[in-house]
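**Q** Place chain B on chain A using the hints.
Protein chains: 2
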Amino acid sequence: MDTLRTQVERALGEFVERRLPASGESEFAPLRTAADELLSGGKRLRPAFCYWGWRGAGGTDVPGIFTAAASLELLQASALVHDDVMDKSDLRRGMPSAHRRFQALHEKSGWHGSGEQFGEGAAILLGNLLLIWSGEMWRNSGLPPESLAAAQPVHDHMRSELMCGQYLDLLEQAHGENTFESALRVALFKSGKYSVEQPLRLGLVLAAGEVAPWMDELCTGYGTRVGIAFQLRDDILGVFGDPAQTGKPAGDDLREGKRTMLVARTLAAASPGDAATVRHLLGDPDLDGRGVDTLRQIIDDTGALQECENLIGDYLGEALAALDQAPVTAEARSALTDLAIAATSRKT
Amino acid sequence: MDTLRTQVERALGEFVERRLPASGESEFAPLRTAADELLSGGKRLRPAFCYWGWRGAGGTDVPGIFTAAASLELLQASALVHDDVMDKSDLRRGMPSAHRRFQALHEKSGWHGSGEQFGEGAAILLGNLLLIWSGEMWRNSGLPPESLAAAQPVHDHMRSELMCGQYLDLLEQAHGENTFESALRVALFKSGKYSVEQPLRLGLVLAAGEVAPWMDELCTGYGTRVGIAFQLRDDILGVFGDPAQTGKPAGDDLREGKRTMLVARTLAAASPGDAATVRHLLGDPDLDGRGVDTLRQIIDDTGALQECENLIGDYLGEALAALDQAPVTAEARSALTDLAIAATSRKT
Chain A
1 MDTLRTQVER
11 ALGEFVERRL
21 PASGESEFAP
31 LRTAADELLS
41 GGKRLRPAFC
51 YWGWRGAGGT
61 DVPGIFTAAA
71 SLELLQASAL
81 VHDDVMDKSD
91 LRRGMPSAHR
101 RFQALHEKSG
111 WHGSGEQFGE
121 GAAILLGNLL
131 LIWSGEMWRN
141 SGLPPESLAA
151 AQPVHDHMRS
161 ELMCGQYLDL
171 LEQAHGENTF
181 ESALRVALFK
191 SGKYSVEQPL
201 RLGLVLAAGE
211 VAPWMDELCT
221 GYGTRVGIAF
231 QLRDDILGVF
241 GDPAQTGKPA
251 GDDLREGKRT
261 MLVARTLAAA
271 SPGDAATVRH
281 LLGDPDLDGR
291 GVDTLRQIID
301 DTGALQECEN
311 LIGDYLGEAL
321 AALDQAPVTA
331 EARSALTDLA
341 IAATSRKT
Chain B
1 MDTLRTQVER
11 ALGEFVERRL
21 PASGESEFAP
31 LRTAADELLS
41 GGKRLRPAFC
51 YWGWRGAGGT
61 DVPGIFTAAA
71 SLELLQASAL
81 VHDDVMDKSD
91 LRRGMPSAHR
101 RFQALHEKSG
111 WHGSGEQFGE
121 GAAILLGNLL
131 LIWSGEMWRN
141 SGLPPESLAA
151 AQPVHDHMRS
161 ELMCGQYLDL
171 LEQAHGENTF
181 ESALRVALFK
191 SGKYSVEQPL
201 RLGLVLAAGE
211 VAPWMDELCT
221 GYGTRVGIAF
231 QLRDDILGVF
241 GDPAQTGKPA
251 GDDLREGKRT
261 MLVARTLAAA
271 SPGDAATVRH
281 LLGDPDLDGR
291 GVDTLRQIID
301 DTGALQECEN
311 LIGDYLGEAL
321 AALDQAPVTA
331 EARSALTDLA
341 IAATSRKT
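From first to last, the protein sequence lines are chains A and B. For the first sequence, position 23 (counting from the first letter as 1) is numbered 23 according to the numbering used here, and the numbering increases by one without interruption. For the second sequence, position 141 (counting from the first letter as 1) is numbered 141 according to the numbering used here, and the numbering increases by one without interruption.
If you are wondering where the hints come from, they were derived from the structure by calculation, not from laboratory data. Do not take every clue at face value.
In this list, chains with the same sequence are indistinguishable; a pair is considered to hold if it fits within one copy or across any two.
Claimed, not checked - Quick list of in silico lysine to any residue cross-link-like pairs, SDA-like style, CA-CA up to 25 Å:
# : residue 1 : residue 2
1 : LYS88     : ALA342
2 : LYS108    : HIS175
3 : LYS108    : THR224
4 : LYS108    : GLU177
5 : LYS108    : GLY13
In this text, all values refer to a predicted model and were calculated from it rather than measured experimentally.
One chain only, chain A, in its complex shape (with noise of 0.2 Å):
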């Protein structure tokens, strides 16, 4: 896996080199800048998935799988930048987010108008460029033009799909039911498919060209469900994660107000009284610590905690059960099974 990684990370740096070179003309400076923040972090599940979906159909260790792999993290650079605007988030992975980055780069230099205005509009195109450049290092990863061709209809798919969970996600915060399964039906599409079935896939049709009936067996089998128990474990850090490793502050999504499957189980399960305070403090942008406390205790006595920690080892055992039919190869099976782990048992 640490030489899955720096594979990655070597593509990467030779891409985004290229198309911004760091020594380049220091007006776009600050775009490469806060580019690198973006990428320099980040579990590299996306190109795992992708890489070992190219290994189980019998794809070899060629250079080009590794370009291919990198560039699900551009489009997941671009997403989280043009997320944190959406929500006017402050934080990312412990620093600032881009456009805060570039609101600060406004105030510092005393430039005219409005600072604010400045950074979104900046984080708008960086993010822009980087869903342009993931395209772009997909097609021009050097594998063979049919393994591409058969594979970018899935790669058009997933894109879509990801701006329409995402849309999804903005009308189920607006005036969604909040329901257990609206809140799953959002998570899959706004992030478990791109996140993990998409990038298996891809990296499935990579290898063999097609999609054969237990690659999509695979895809839904194992991969929708790891893409589940992947958003259930988002859920929970979200509430009990730690700041220290999150990068974010404590209950930052209760804050936010964030309708995830967590807060739809315990509003079902809650008293009606622990219910409106529920609703009441959720979403509070002025959310404190006893707050964050209050809304945990009642998340913890629901049982719905621990109903989400269930339902991730029951989506985990049915994913592995899955992924055990599968002709895949016994190195990727190994692989694929501890990535469904790490991604469903992580910190940050």
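**A** Same frame as chain A, now just chain B:
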């Protein structure tokens, strides 16, 4: 030209309908409506430059060229919706801008949270969807793979260049020198290149499979110059345009404080007192009719308006002279002449 417009609009309609059916899940209906609105107007200049590049280099009337050319309208629509978010513009072609439409939907529906934030978020996602679709429609135009492969680097370059150009524009507004030269550079990178030069280059390369030296000369000699004249016309319309035709309030660019070539020429030629007045009024969001008249008067009195009109004439003349030297077909020469005149003498 009517046929070209009809073909472009048919291709756009079919593509969007396949991606987001009007009869599909109704929760996406507002995205579709906003996309239709963005795609319904416009002069179709970019597809026309692409098409006539293709014909000029010997391409014949195949359906694929209309699809490829039409895809440029999706890129333009993406840029418009993001631009309006970045500028916080209320109107686009006389109708509410996309983010204001989404905001109105939120407020009319009595949903939770901030309508403004919902509107901007939805518009960012819509812009991303249109950006993704533009690449997809381009690649799936049905033109021969070798043509598309030859043109792809130009296509990739154009998209990154547009985003970098828009970033330069943000910088220029925030702390630029506001000289004619700096405004010209921004105009070229932000709009001129992807409005004229690059669409033309795409058409030429698609047809010829390579960039022959005469094509480069035509792209620079004709394309760059028409692009600059196109932007100069834009600068003039932004100050003196008829709201009934532009769909924007009178003097909108003045209220937004845009640092255009026209403004740069005015500042360079104005008396110290007039220059101070311009600097004072430019960018005042509450600028009223009287303020607009004051600025118009100064822009006229300094001779900057006439100077820009003269420049448009000069650039157009040089462009047509360059076109005259290019070995394009007679039909293409005639159409590119008409297009250059239309792009630089337009009222909207």
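**Q** For every hint, state whether the structure bears it out.
**A** Right, here's what the structure says about each hint:
no.: 1; hint: LYS88 / ALA342; in the structure: neither (29 Å within a copy, 42 Å between copies)
no.: 2; hint: LYS108 / HIS175; in the structure: between (39 Å within a copy, 12 Å between copies)
no.: 3; hint: LYS108 / THR224; in the structure: neither (45 Å within a copy, 36 Å between copies)
no.: 4; hint: LYS108 / GLU177; in the structure: between (44 Å within a copy, 18 Å between copies)
no.: 5; hint: LYS108 / GLY13; in the structure: neither (28 Å within a copy, 47 Å between copies)
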